[in-house]
Structures are given as structure tokens and as C-alpha cells.
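Throw the hints in and build the complete structure from the sequences for me.
Respectively, the protein sequence lines represent chains A and B.
Reading the first sequence from the start, the letters are residues 1 to 854 in full-length UniProt numbering.
Reading the second sequence from the start, the letters are residues 1 to 196 in full-length UniProt numbering.
For the record, the hints were derived by calculation from the structure and aren't laboratory data.
Nothing false has been slipped in among the hints.
Heads up, incomplete: computed chain B residues facing chain A, CB under 7 Å, no partners named:
{"no.": "1", "residue": "Val-47"}
{"no.": "2", "residue": "Tyr-48"}
{"no.": "3", "residue": "Arg-91"}
No farther apart than 30 Å at their CA atoms in a straight line, the calculated lysine-lysine pairs in the DSBU-like style are these:
{"no.": "4", "chain 1": "B", "residue 1": "Lys-31", "chain 2": "A", "residue 2": "Lys-505"}
{"no.": "5", "chain 1": "A", "residue 1": "Lys-289", "chain 2": "A", "residue 2": "Lys-449"}
{"no.": "6", "chain 1": "B", "residue 1": "Lys-73", "chain 2": "A", "residue 2": "Lys-505"}
{"no.": "7", "chain 1": "B", "residue 1": "Lys-87", "chain 2": "A", "residue 2": "Lys-220"}
{"no.": "8", "chain 1": "B", "residue 1": "Lys-49", "chain 2": "B", "residue 2": "Lys-31"}
{"no.": "9", "chain 1": "A", "residue 1": "Lys-455", "chain 2": "B", "residue 2": "Lys-126"}
We treat Cβ as the ideally placed atom computed from N, Cα and C, and that holds for glycine.
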Amino acid sequence: MSGWNRISFNIRKGRASSNNVEIDMASSAWRSETNGKLHARRIDSDTDDDLIDMTSFTNNTGVYHDDSEDDPLLGNHTFQAIATERRGKSGTAVTSHLLEALDSSEAGMDDIGTYDDFHTIDWLREMSRNRLRHRQILYGKKESFFKTIKSLHDAWSGWLVVLLVGLAAGTCAGIIDIVTKWLTDIKLGVCTFAFYLNKESCCWMSESKNSLTDNCTQWKTWSEIFGMTESNTSSTYVLNYFVYILMAILFSALAALLVKVFAPYACGSGIPEVKTILSGFIIRGYLGKWTLLIKSMTAPLAVASNLSLGKEGPLVHIAACCGNVFGHLFPKYAKNEAKKREVLSAAAAAGVSVAFGAPVGGVLFSLEEVSYYFPMKTLWRSFFCALTAAFILRSINPFGTSHLVMFYVTYNRPWFLFELIPFSLLGVLGGLYGAAFIHANLAWCRFRKTSKLGKIPILEVIAVTFITAAASYPNPYTRIDASSMIAGLFKECGHVIETNLCDYKASNKNGSAIFSSERDLPNGDIGAGLQTAVWQLVIALILKSVITVFTFGLKVPTGLFIPSMAVGAIMGRLIGIGIKQLVFTYPDCFLWKNSCHGASSCVTPGLYAMVGAAATLGGVTRMTVSLVVIMFELTGGLQYIVPLMAAAMFSKWTGDAFGHEGIYDGHIRLNGYPFLDNKEEFTHTTLATDVMRPRRGDPPLRVVTKDGMTVEDLEMLVRSTNYNGFPVITSHDSQRLVGYLYRRDLIFALENARLHNENVLSNSKVYFSLHAPPSVSSSNEPSPVRLFNIVDLSPITITDHTPMEIVVEIFSKLGIRQALVTHNGRLLGIITKKDVLRHIAQLNQQDPDSIMFN
Amino acid sequence: MDIKIVYLSVLTLFAVILSTQAVQYEDLRCKCTCSSYHNVSARFKQVYKNNTLHDDCNCLSVVVPRLIGTSIKEEDIDPYCYLCDCKYEVRSTKTMQVVVYIFLIVLGLLVLYMGFMMIIDPIINKFGGKEGQQQLLQDDATEMSSTTGRDTDRMSLDGRSAGQSVFQRVNLVQAKWKRQVKEQRSSVFERQEILH
Numbered sequence: 001m002s003g004w005n006r007i008s009f010n011i012r013k014g015r016a017s018s019n020n021v022e023i024d025m026a027s028s029a030w031r032s033e034t035n036g037k038l039h040a041r042r043i044d045s046d047t048d049d050d051l052i053d054m055t056s057f058t059n060n061t062g063v064y065h066d067d068s069e070d071d072p073l074l075g076n077h078t079f080q081a082i083a084t085e086r087r088g089k090s091g092t093a094v095t096s097h098l099l100e101a102l103d104s105s106e107a108g109m110d111d112i113g114t115y116d117d118f119h120t121i122d123w124l125r126e127m128s129r130n131r132l133r134h135r136q137i138l139y140g141k142k143e144s145f146f147k148t149i150k151s152l153h154d155a156w157s158g159w160l161v162v163l164l165v166g167l168a169a170g171t172c173a174g175i176i177d178i179v180t181k182w183l184t185d186i187k188l189g190v191c192t193f194a195f196y197l198n199k200e201s202c203c204w205m206s207e208s209k210n211s212l213t214d215n216c217t218q219w220k221t222w223s224e225i226f227g228m229t230e231s232n233t234s235s236t237y238v239l240n241y242f243v244y245i246l247m248a249i250l251f252s253a254l255a256a257l258l259v260k261v262f263a264p265y266a267c268g269s270g271i272p273e274v275k276t277i278l279s280g281f282i283i284r285g286y287l288g289k290w291t292l293l294i295k296s297m298t299a300p301l302a303v304a305s306n307l308s309l310g311k312e313g314p315l316v317h318i319a320a321c322c323g324n325v326f327g328h329l330f331p332k333y334a335k336n337e338a339k340k341r342e343v344l345s346a347a348a349a350a351g352v353s354v355a356f357g358a359p360v361g362g363v364l365f366s367l368e369e370v371s372y373y374f375p376m377k378t379l380w381r382s383f384f385c386a387l388t389a390a391f392i393l394r395s396i397n398p399f400g401t402s403h404l405v406m407f408y409v410t411y412n413r414p415w416f417l418f419e420l421i422p423f424s425l426l427g428v429l430g431g432l433y434g435a436a437f438i439h440a441n442l443a444w445c446r447f448r449k450t451s452k453l454g455k456i457p458i459l460e461v462i463a464v465t466f467i468t469a470a471a472s473y474p475n476p477y478t479r480i481d482a483s484s485m486i487a488g489l490f491k492e493c494g495h496v497i498e499t500n501l502c503d504y505k506a507s508n509k510n511g512s513a514i515f516s517s518e519r520d521l522p523n524g525d526i527g528a529g530l531q532t533a534v535w536q537l538v539i540a541l542i543l544k545s546v547i548t549v550f551t552f553g554l555k556v557p558t559g560l561f562i563p564s565m566a567v568g569a570i571m572g573r574l575i576g577i578g579i580k581q582l583v584f585t586y587p588d589c590f591l592w593k594n595s596c597h598g599a600s601s602c603v604t605p606g607l608y609a610m611v612g613a614a615a616t617l618g619g620v621t622r623m624t625v626s627l628v629v630i631m632f633e634l635t636g637g638l639q640y641i642v643p644l645m646a647a648a649m650f651s652k653w654t655g656d657a658f659g660h661e662g663i664y665d666g667h668i669r670l671n672g673y674p675f676l677d678n679k680e681e682f683t684h685t686t687l688a689t690d691v692m693r694p695r696r697g698d699p700p701l702r703v704v705t706k707d708g709m710t711v712e713d714l715e716m717l718v719r720s721t722n723y724n725g726f727p728v729i730t731s732h733d734s735q736r737l738v739g740y741l742y743r744r745d746l747i748f749a750l751e752n753a754r755l756h757n758e759n760v761l762s763n764s765k766v767y768f769s770l771h772a773p774p775s776v777s778s779s780n781e782p783s784p785v786r787l788f789n790i791v792d793l794s795p796i797t798i799t800d801h802t803p804m805e806i807v808v809e810i811f812s813k814l815g816i817r818q819a820l821v822t823h824n825g826r827l828l829g830i831i832t833k834k835d836v837l838r839h840i841a842q843l844n845q846q847d848p849d850s851i852m853f854n
Numbered sequence: 001m002d003i004k005i006v007y008l009s010v011l012t013l014f015a016v017i018l019s020t021q022a023v024q025y026e027d028l029r030c031k032c033t034c035s036s037y038h039n040v041s042a043r044f045k046q047v048y049k050n051n052t053l054h055d056d057c058n059c060l061s062v063v064v065p066r067l068i069g070t071s072i073k074e075e076d077i078d079p080y081c082y083l084c085d086c087k088y089e090v091r092s093t094k095t096m097q098v099v100v101y102i103f104l105i106v107l108g109l110l111v112l113y114m115g116f117m118m119i120i121d122p123i124i125n126k127f128g129g130k131e132g133q134q135q136l137l138q139d140d141a142t143e144m145s146s147t148t149g150r151d152t153d154r155m156s157l158d159g160r161s162a163g164q165s166v167f168q169r170v171n172l173v174q175a176k177w178k179r180q181v182k183e184q185r186s187s188v189f190e191r192q193e194i195l196h
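Printed below as a string of C-alpha cells:
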């Protein structure tokens with residue numbers, strides 16, 4: 001993919017003159033309008049929405065004024081000159097009439113950018129703009145000391161911004177972790193001397209002797225608070241149950257309300273959207289300050305309400321919001337959508353880094369799962385960002401265990417070769433679960449989208465919470481939050497029997513000597529506690545796997561990592577317990593006879609839980625490498641890489657057999673985001689001529705001729721169409737291609753020409769060529785306009801016989817927005833990204849109109 | 001200018017983190033989980049906790065002194081300690097306190113503001129009747145002029161202090177934000193185009 005750089009390096013050679021810079025930069029001041037008018041326009045827009053949608057601008061030149069102090073490129077002189085002139089003439093009809101043809105609408109400091117909401121960016125164009133900006137800084141560097149400082153600042157701002165993003169992401173994660181733990185515990189009781197402490201911290205120094213539970217007097221359950229002193233009666237149980245459900249509903253309702261009132265974009269996992277945004281789509285406000293605040297506030301509430309969801313996916317979104325917010329402080333990133341996405345990639349890495357305490361896994365996640373354009377520079381910055389975030393989270397130390405996640409485990413038992421069979425089995429089961437979950441969840445989301453259920457989001461959240469809480473409380477494994485449950489399942493059984501899960505009947509060889517070194521670890525028959533645990537786990541497995549289908553997609557922040565891992569961990573632990581019994585019952589089987597000597601156990605059910613978690617997570621998200629690295633960073637043991645790899649691989653194979661897309665891709669398709677997957681292969685045999693516009697029978701392509709058109713013609717063209725750009729040809733007879741003209745540039749250039757030269761009238765000729773007749777000085781004759789500068793002389797062109805395979809490759813690898821189709825050098829038509837997406841959807845037997853956006 | 005604020009806030013952030021990291025004595029613990037001495041096969045566990053330093057966090061210095069005086073036999077100490085898991089842990093109650101307080105304050109503010117927007121605003125609009133609507137229209141008008149003529153706005157930013165009161169400006173920003181949220185809400189909840 002680094003091929004972009006090389007190609008786009010040459011793309012705008014013709015535009016490097018200083019005059020061009022002025023126009024280019026000034027045109028960036030044309031503000032694209034916000035989403036306000038977009039939908040209205042789409043609904044009543046005419047039938048030819050096929051090409052590129054209308055972009056509209058309003059003259060907000062001044063908005064950039066204070067930014068320009070930081071940006072060497074946006075010289076104040078240019079701007080103020082333009083601004084002044086425009087203001088001076090604002091009353092005259094000449095100035096405003098072309099602009100009035102466009103929607104002028106609100107735009108403010110937050111909407112900096114040059115694309116409309118729900119539009120796709122042109123990566124090549126953004127990259128070349130950045131290169132131009134960079135060149136300007138290099139030229140200016142020698143002029144003065146101040147400029148040198150500025151260029152230095154510009155050079156290191158890339159590292160500075162990822163440092164800030166890392167700091168912010170780590171802090172957010174720390175706060176969310178602490179609050180989540182506290183809110184989760186507050187459902188069960190409260191700390192009497194300091195209400196802000198969670199249960200673990202409340203009982204920090206209380207010891208326990210000869211009892212299964214910590215007898216911690218400071219921590220009071222709700223029934224004790226309400227004055228019911230006698231414990232373990234049915235009335236206390238009912239009261240605690242009631243408070244538990246009530247609190248869960250309160251938390252989830254609050255979360256849903258906050259999301260609805262303040263930041264609707266804060267709902268859901270966020271990863272499908274972040275993925276789409278990173279591929280070059282614009283969703284304004286999706287990574288804004290309010291989304292950041294509300295998502296950070298509601299994610300703990302949603303987790304604490306015991307819904308089957310996690311905060312790990314939302315953390316990626318939160319980190320991406322941090323990336324966007326801090327990116328805005330640096331003009332280098334604020335004004336260039338492609339550069340901004342480099343920061344967002346790094347931020348996504350930081351998000352996973354803090355969610356799982358896995359910095360390397362985070363970088364790989366960003367590379368494998370979310371990022372679209374990931375050059376080496378971004379890799380190093382992601383690495384640094386993930387490192388910073390993990391460091392900050394470690395210094396906050398949210399769990400008091402010096403680990404970044406609750407379910408950090410260390411094993412010191414080996415695994416044996418025969419265990420690869422159950423590990424692979426777990427992989428297959430995980431893949432099956434993943435495929436089933438994806439199908440069920442997508443079907444449910446589609447139902448929600450089309451039925452009345454989608455109209456009552458808050459009621460839906462409350463109902464699901466009620467069902468989840470009511471079903472969860474009786475079972476000790478679902479009553480606690482999923483992270484703690486996973487932590488319990490991952491743990492291996494030590495010397496001390498701490499939970500029911502390790503309740504094996506000890507085979508005491510020499511009964512009297514209690515503390516002799518010959519004493520075996522308990523490894524025999526299943527004890528009563530373990531029996532209880534097994535059926536409780538089975539119930540928890542059914543509950544979790546069913547309810548998660550209905551939970552993912554609720555209008556609260558919903559992550560998918562933790563519930564998937566919980567399902568996998570339960571499954572793995574159960575299978576681990578089963579294998580352990582099998583080995584115990586048939587110690588002479590040839591598979592494990594040599595590995596497991598006699599009765600001494602060689603099966604660690606905790607490891608199975610971890611492998612199972614990896615398998616289901618892999619089945620749902622279809623991650624492989626990053627998943628294994630994340631899991632391996634959770635355990636800190638290199639020797640478990642092979643089991644994890646086996647499980648992830650089997651899970652992916654099984655999952656792919658039942659459907660190619662992971663849950664995130666499924667949601668991208670369900671929502672119709674214009675995501676051109678650069679990992680997918682295009683295998684059909686269609687040609688460019690089948691896809692290009694105009695089709696047979698369509699009106700001919702609207703083009704601009706190199707010379708011979710008047711200002712009025714062009715103004716009519718702009719006003720009567722809503723295409724984003726027009727090809728420039730030599731003449732209508734020869735149809736030979738000159739270049740490509742962006743609508744935005746054209747509007748601005750025409751306006752500018754009218755402003756600067758009184759002699760530019762409606763019948764002035766416009767020349768898009770290097771050689772134009774000199775402008776006349778006599779005031780009566782219309783003066784010609786030379787607009788050679790604004791023509792993109794190197795548009796990507798393909799011939800009509802180019803196979804679509806290659807066209808799709810070009811679109812996905814280069815990130816272009818449109819390509820021109822020629823035949824024998826004559827312009828035939830145009831293919832836009834939307835055309836390509838629709839074509840792919842059509843060939844995959846999907847509704848091409850499901851690609852909703854532009 | 002913004003950059004300075006960022007540098008400043010980063011410094012403050014570090015200061016806050018470092019200050020909250022100043023660990024109090026009771027924030028250290030060494031937690032040893034052992035089997036019950038007298039009844040090892042029973043499912044009882046003993047948890048011993050001591051605030052000690054990292055080097056001393058082991059069974060011999062935490063658990064054994066507690067057992068002296070009970071009926072522990074000398075030769076049992078080593079095997080018993082073999083079955084103990086000791087973990088050294090540090091926490092910061094100060095951080096937890098600050099974070100939970102901040103969370104509750106922000107949550108409270110948000111809920112108040114939400115209540116204001118959902119209850120008071122409609123009432124004002126209702127009682128304001130036409131007046132309110134006119135006010136709204138006027139707001140829109142001023143905003144239109146302020147966006148289309150943002151250059152004027154911006155140009156006179158330095159000299160302006162009396163032109164537009166802070167309150168009006170806040171109102172303006174709020175109105176704009178409200179419109180954005182409304183747009184988001186309709187695209188997420190009503191038309192259900194994204195995030196489904």
C-alpha cells in the first residue's frame with residue numbers, strides 16, 4: 001500500500017506554482033456544509049444521483065483566521081484580502097448569485113474539513129495536498145528563525161499528537177475501569193466508611209479464617225443497610241434481588257437516556273463505524289467531544305447494569321475520539337482527512353492496548369482489523385501511542401493488582417501434545433458459535449431496523465436489562481460482572497481451594513500426615529462443589545450466548561469482546577473439566593499415557609477457558625494474529641501460543657465456512673456504509689465498460705471543454721448538476737481527455753475571477769489551457785479567464801476494457817474517488833467509488849441500493 | 001494558543017497522577033491465601049493480610065508470626081508455607097475517590113442538564129408561545145448572519161467585548177449544538193440509517 005506515496009507524488013506536479021498554492025489553500029476555506037441539508041437533498045434529489053453528489057460550500061473564510069496563525073500555509077494576507085473583498089461586494093448581485101445556487105448553511109469551528117457529511121474522501125488528493133503543504137514549510141524554513149521553529153513544530157507534531165492521544169486514552173480507560181468496578185459492586189452493597197470504594201478495596205485489610213467467604217464487616221449488602229440483620233433468609237434474598245434489578249434498570253435507562261439526549265452517535269460498539277471512517281468515509285460528529293464524554297460516561301453504566309456487553313469495543317471508539325479531538329489542535333491533521341486517519345489508526349491501537357493491557361496486540365489489531373491505510377510511519381506511531389496509553393493506565397493502576405486488566409493470569413503448567421485435539425475442538429466450537437452469533441445478531445438487527453422495535457430504543461434497553469438482571473442474579477457466575485467471571489474461569493487451581501471450580505476430592509495417600517511433601521494436589525473425583533459449578537456454568541453459557549444476540553446493537557455503548565470471551569471461557573472451562581475427568585478415568589489411554597503419569601493431573605482447565613475465549617472471539621470477529629497476540633499478552637506465557645494459534649485458526653476456518661464476514665463487516669454491510677474492503681478479492685469477469693456511467697440510454701456525460709466555454713456556460717453547468725467534478729476534454733469533436741475539474745475548485749475560481757477583475761462578464765471565455773489570449777485592458781470587452789491551474793492534469797484513467805478486478809484493486813489500494821474511462825484516448829465515461837460498491841453488491845446478490853451513502 | 005493549553009493540561013494531568021500515586025501506608029498489602037492449618041482437606045481458606053514492604057511479602061514473615069502460639073508444629077511450617085500464595089498489591093484510594101467523585105459530579109450535571117432540556121425547555125417554549133417562536137426565529141436569523149458573515153465576526157473578535165454578550169454567544173453555540181444532536185438523533189433513531 002505504500003505504492004500510494006509513489007504514485008501520488010507525481011500527481012500534481014503541474015500545480016506547484018505559488019499562484020496555485022494560493023488558490024488551493026483558499027479553496028480549502030470553502031466550507032462544506034454540515035449534515036443539515038444532506039438528507040433533504042438526498043430525498044428530493046433527482047434521479048441522477050448516480051455520479052457524485054453535490055457538494056456545497058459557504059463562504060466562511062474567516063473561520064480559519066485564528067487557525068492560520070499556526071499554519072504557515074494559510075497566510076493571513078490571502079485570507080483577509082479575500083474576506084475583505086467579499087464583504088465589500090456582498091451586496092452586489094454578481095458576488096452572491098452563484099453561491100446562492102448552492103445550499104449555504106451553517107458551518108462552524110467544529111466542521112473543519114473540505115468534505116460533506118457522509119461523503120468519501122479522495123485519498124490521493126488529500127495526500128498530494130499534504131505534500132504541497134509540506135513543501136511550503138520546507139521552502140519557508142530558511143526564511144526566518146520563527147519559520148524554522150514552526151517547521152520543527154510541524155515535524156514533531158506527529159509524535160506529539162500520538163503522545164497526547166495515548167495520555168488521554170490511558171486516562172479515559174483508567175477512569176472507566178475504576179468507575180465500572182465501583183458501579184458493578186454498588187448493585188450488591190455499599191462500603192460503609194467510604195462509599196466510593198469497591199468491595200475489594202473496602203475489604204482491603206480484612207482477613208478471613210475458617211470460612212469460605214471473606215467476612216468483611218465494612219461491606220454491607222443492601223439488606224443489611226435496610227436493617228435486616230439476619231442473613232440468608234428468603235426475605236433478604238428477595239430484597240437484594242430487587243435492589244439488584246432496580247439498580248441495573250436505573251443504570252441502563254440512564255445510559256440510554258444520556259445517549260439519546262446528548263450524543264446518539266455514542267451507542268453501539270463503534271468499531272464498524274471507526275473502520276468505515278478509517279477507510280475514508282466522513283461521519284461528522286462521530287468522533288466529537290460530546291461523543292467522547294457521553295460514551296465514557298455511559299460505558300461504565302452499561303457494563304454495571306449487567307447487560308451482556310463489554311467496554312472494550314467502546315474503548316476503541318473512545319480512543320479514536322481522543323485522536324480526533326487532539327488531531328484538531330494541529331493544523332497538519334485538522335485540515336487533512338488522510339493525515340487525520342493516521343492519527344485515528346494510532347488511537348485505535350491505543351484503545352485496544354488499554355482495553356486488554358496488550359500494547360503489541362493493539363498495534364496488530366489496528367493493522368489487521370480496523371485500519372485501511374497503514375504505512376510504516378503509522379505503525380511506529382501506533383506503537384508509541386499504545387505504549388503511552390498502557391503506561392498511563394499502569395500508573396493509574398485501576399485494579400490495585402498492577403495489571404492492566406482484571407483477567408490477567410499467569411500459568412506455569414505445561415501443556416501436552418494430545419491436548420491439541422481438544423484445543424482444535426474448541427476452535428471449531430468457537431467458529432460455530434461465531435457464525436451462529438453473526439447470523440442471529442444480524443437477523444435481529446435487521447428486524448429491529450425494519451420493525452417498530454427500532455422506534456422504542458429506551459424501552460428495549462430497559463426490557464433487555466430487566467430480563468438479563470432477573471435471570472443473572474440467581475446464578476453466582478452471571479451475578480458478578482463478566483470480567484470477574486472470566487478472571488475466575490481463567491484461573492488455574494492452586495494449592496488452596498478458593499472456588500467451587502477447584503473442588504476435587506483429594507486423594508490423600510497417607511491420610512495422617514497432613515503436611516507431608518508427598519501430599520498430592522486434589523485431582524480426583526469431582527466434588528460436590530464442582531458439580532454445582534458445572535450446572536451453574538451450563539446455565540450461564542446458555543443465558544450468555546442467547547442474551548448477547550439481543551444485546552449487541554442496543555442503543556447504549558455495547559462492546560462485543562467481553563461477552564464473546566465469557567461464552568468461550570465457560571465453554572472452554574467445561575470442556576477442560578471434562579478432559580480432566582477423562583484423563584483421570586482412563587489413565588492408560590495411549591494418547592496421554594506418556595504425558596500424564598498416573599493420577600497426577602496434566603490438564604489445566606483454566607488454560608482451556610482461555611483457549612475457548614480466544615476461539616469464540618476469533619469466530620465472532622474473525623481476527624487471527626492480533627487475537628493470539630492479545631491473548632498471549634494476557635497470560636504472559638510464550639508457551640501457550642501454539643494452543644491459541646490452533647484455536648484461532650480452526651475457529652476462522654470453521655467460521656469462514658459458514659459466512660465470510662466477521663460481525664463488524666456484517667454490520668458495515670447492514671448499515672450500507674461505503675466500505676471497500678481491501679482484503680476481499682473480486683473474482684467476477686466484468687469490464688469497466690459495464691460499470692461506468694453514463695450507461696447506454698443515459699444522457700451524455702457532462703463535460704467541460706478546454707476552451708470555448710463561457711463563464712455563463714460553466715455557471716449553468718454548476719447550477720444544473722450536482723456532480724462533484726467534471727472531466728475536461730479538448731473539444732466535443734475529438735473527446736480527448738485533458739484532465740479533471742473539481743466542482744469546488746471551479747466555483748471558487750469563477751467567483752474569484754469575478755471579484756478580482758471587473759471585466760470578467762458572463763460571456764467571458766474560460767480557458768483551461770496553458771496558452772490563453774492575454775487579457776484585454778479596454779474596459780468594454782469581456783476579459784478571458786484562465787483557469788489552467790485548477791485542472792487536475794493527472795486523473796486516474798483506465799480503458800473501457802480494463803477488467804473490474806483491476807479497477808477494484810485501483811480503487812481500494814489507491815483510495816481514489818473516481819476514475820475516468822477512455823477508449824482510444826477518447827473520454828467515454830466515469831466510474832465512482834459508489835458505482836464500484838454498487839456493482840460489487842449487485843454481483844453478490846445484494847440490493848445495490850443498500851449502499852446508501854455517497 | 002491551543003497548543004499551550006494542551007501542554008498545560010498535560011502537565012497538570014501528570015501532576016495529578018503523580019500526586020494521587022503518593023501511596024499511603026494502608027494502601028499496601030501483602031495478601032497470603034493459605035489452606036486452613038487444622039483441617040486441610042476441608043474447603044476452608046485462610047487469608048492473611050499485612051501491610052508490609054515488597055521484600056517481606058512472603059509466608060515466613062506474614063503468616064508464620066500469626067501462627068506462633070497456636071498449635072503449629074515446627075516441622076510443619078515449611079510444608080504449610082509451600083501451600084500459601086502471597087501477593088503484593090498496591091492501590092490508591094485517593095485516585096478512586098477523585099475518580100468516583102468526578103464521575104458522580106459530571107453525571108449529576110448531565111442529568112440536570114438533561115432534565116432542563118426535557119422539562120423546562122418545552123415549558124418555556126409553550127408559555128413563551130409566539131414570543132418564544134419569534135425568539136427562535138431571531139436566533140436562527142442571527143446565526144445565519146453570523147455564519148454567512150463569519151468573517152466580519154472574526155475580524156472584529158479582538159476589539160469586540162460589548163458587541164455580543166457572553167450569554168448570547170453561549171446560546172448561539174448551544175443552539176448550534178442542539179441542532180447537530182437533533183440531526184444525529186434523527187439519523188440514528190428515526191431514519192435508522194446508521195448504527196444499526
